[in-house]
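Novice: Protein sequences appear in the order of chains A and B.
For the first sequence, the tail end lands on 181 under our numbering, and the numbers increase by one without skipping.
For the second sequence, the tail end lands on 184 under our numbering, and the numbers increase by one without skipping.
These aren't lab readings, by the way, just hints derived from the structure by calculation.
The structure presented is a predicted model; accordingly, all values stated were derived computationally and were not measured.
Don't take every hint at face value.
As the list claims (entries may be wrong) - Now the stretches of chain B that chain A is said to cover, found in silico as 3 or more residues with beta-carbon under 8 Å: (1) 12 to 23; (2) 113 to 121; (3) 160 to 168.
Yeah, the Cβ is synthetic: ideal placement off N, Cα and C, and Gly gets one too.
These are the residues of each chain, in order.
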Amino acid sequence: MFKKFTPEEVTGQNQVKASVQRKIRQSIADEYPDLEPLLEDMLPKKAPLIVAKCQNHINLVVVNNVPLFFNVRDGPYMPTLRLLHQYPGIMKMFRVDRGAIKFVLAGANIMCPGLTSAGGALDEEVSADAPVAIMAEGKQHALAIGYTKMSAQDIKSINKGIGVDNMHYLNDGLWKTLHLD
Amino acid sequence: MAVKLQPLEVLYCPVCSLPAEYCEFGPDFEKCKPWLIKNAPELYPDLVKGENKWSWMCIFLHSSGTTSDVKKDEEVKRLPGGKVKKKEKPEVIVEKIVRNKRKCVTIIKGLDMFGIKLSDASKKLGKKFASGASVVKGPTEKDQIDVQGDIMYDLAEFITETWQNVPESAIYFIEDGRKVPAMG
Ligand SMILES: [Zn+2]
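So that you can see chain B by itself, here it is in the shape it has in the complex (with noise of 0.2 Å):
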C-alpha cells in the first residue's frame, strides 16, 4: 500500500505572509524584523546580533520554550494572526556506528522533515552507493535510513544535490558523540 505524505508544517511570517525565510527579499522587511527575532532568529542570525544581550536571553530562552515568565510575555507581544506554536527545525543528522570491528552502518535522520519519503531516498541512496539501504524504526520511534558502510563523506554533497530543499547547513555529523555541521 502506498504510503501517505505527512504535511510540513511551514513557518509563515504572519507580516509579510511569505515563509519566514523569505522576509528578507519581501515586500517590507523591515516591518517583519520584531516578529522574525521573536520567531525566527536562527534564520537572520545578524538581526539577533544586532539586540542586546538581554534579549538575546529571551531569545533563547523563548526558543527552548521553559520558563513561563517568557511565555507571558510572548502572549502579550504576539502579533495579530502569529503562529504560536514552536516548531521543530529540521535538520539531517548522520552517525556512523561500526559494528562487530571493521562492519560499519551509516545512520541517516531526519530526511523525512525536509517531506522526503525514506522509502524513495534508501532506494536512491543505496543505488548511489552500491550497498544495502533500508529504512528503519530508530530508538525514539522515528523512522532512520541505515546505509550499509562508511559513506560519510561523499553524503552531504549528495543529500544537497538530490534533495534541493535540504540546505548544507541543515546537515550534521555525530563525531565522538558530538554534533558538528556538515558545511565548512
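Chain A extracted, bound-state conformation (with noise of 0.2 Å):
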C-alpha cells in the first residue's frame, strides 16, 4: 500500500476540528485499549492534529510532523512500524517463517502456508478484517503491520491464498517518511 508512497502524494493536510480529533483519539483507545494512558502524550489535545489524506484513500494521523497511524477510507486506524517498535504489545501478533521475510519486505501479501510452517505462528483469536503485526522467525521486531482476509482458524485450515494483506513493511514509502512538513 506505501510501496512506492512519497510525501508528494499527500493530496491535503488538514487540522481536524476537536471534535473529529476526540473522534480519532476514540477510536484508537478502542482499538489498542494498553494505548490508552499515552495518548495524551501522543496525541495532545493542545497540540493540533493533522490528517493527511493519501491517494488510495488513505489517511494518515500525523502530530508534530511525525506521521503515527493510518488508516483506509473510515478503517480501523493502525499505527507505523515505528511507533509498533516502542509498543510492541499493543497488537495482536503473526509470525512468518523465515523464508517468507523477504517476500513480505519485497510488499508481498502474507501467504497462509508462510504462517502455518514450522517457523511461523498463529495468535487463534484473531478474526478476519483484524489489524496484525507481523513478526518473523527468528526476529524479535515487526517487519509488517497486516489486515486479515481470513481469520486466523481459517488461515490454519485452508492454508493457501493470501491470509493477510500487507498494509506497512519496513522499508516502503511510509518507513521512509520520517517527517512530512
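Given two chains presented individually in distinct reference frames, assemble the corresponding complex, making use of the accompanying hints.
Specialist: As C-alpha cells, this is what we get:
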C-alpha cells in the first residue's frame, strides 16, 4: 500500500476540529486499549492533529510532523511500524517463517503457508478484517503491519492463498517518511 | 489506574535504517556490516568470527564498555547518525526457588524488556499453569513475575508461543547458579 509512497503523494493536510480529534483518539483507544494512558502524550489535545489524505483513500494521522497512525477510508487505525516497535504489545501478532521475510519486505501479501509452517505462528483469537502485527521467525521486532483477509482459524484450515494483506512494511514509503512537512 | 507502557528502545541501523536484526534482508547488507560488527555483534556472530583476534577483543571491550581507549576509538569511527548508547540486550531469565522444602516458586524476569505488560503476562501464566502468579518487585527494583510451583520445563515454549516477539534464544534458565540457554 505504501510501496511507492512519497510525501508528494499527499493530496491535502488538514488540521482537524476538536470533535474529530476526539473521535480519532477514541477509536485508537478502543482498538488498542493498552495505548490509552499514552494518548494524552502521543496525541495531545492542545497540539494540532493533522490528517493527511493520500492516494487510494489512505489517511495519515500526523502530530508534530510525525506520522503515527494510518487507516483506509474509515477502517481501523493502525500504528506506523516505528510506533509499534516502541510498543510491541499493543497489537495481536502473527509470525511468518524465515523464508517469507524477503517476500514481505518486497511488499508481497502474506500467504497462509508462511504462517502455518514450523517457523510461523498464529494468534488463534484473531478474526478476519483485523489489524495484526507481522513478526518473523528468529526476529524480535515486527517487519510489517497486516490486515487479515481470513481468521486465524481459516488460515490454519484452508492454508492456501493470501491470509493477510500487507499494509505497511519495513523500508516502504511510509517507513522512509520520518517527517511530513 | 491503567499502567503506562514504557517505550522500547530499538537498535536501528544508521546505514539502511532497518532494525539491525533485519540488515541481512536490507537493500545492501555488505554496507551495513562494518557498523554491525561494531554495534550489534551479538546479532551476527558469523560476521564477528570472520574478523581477526584483535578486533574480537575490541568488540569484547567495546560491548562491556570499560576502557576509555576503546571509547575514543568508537567516537572517531562512529558513522553519522550512528547510535551511541549501548542498549541492554533484552532477555528473559527463569529461576526456580525452593521455599520451605517442597514448596517451589518459579521466577520470571525480563518480559517487560520485550514490551510485554507484566500484569497481563502474570494473568496468562496463572491461567496456563493453573496456579498463583503475581507481579512483584525484584531485589534490583525491577519487576518480576512469581509463579507458584515448578513450571520451568513448559515455560519456554509457552513464552515463545504467547509472545511471538520473544525468541527462544533470549530465554535463559538459572540452574545451580549458572545461566543456561533454554534452547537446545
Ligand atoms: Zn543495516
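Novice: With reference to the structure, classify each hint as holding or not holding.
Specialist: Hint-by-hint comparison with the structure:
1. Counting residues of the segment 12 to 23 of chain B whose CB lies closer than 8 Å to any CB of chain A gives 6, which reaches the minimum of 3, so the coverage claim holds.
2. With 5 residues bearing a CB less than 8 Å from a CB of chain A, the segment 113 to 121 of chain B meets the requirement of three and the coverage assertion stands.
3. Under the rule that three or more residues need a Cβ within less than 8 Å of chain A, the assignment of the segment 160 to 168 of chain B holds, with 6 such residues.
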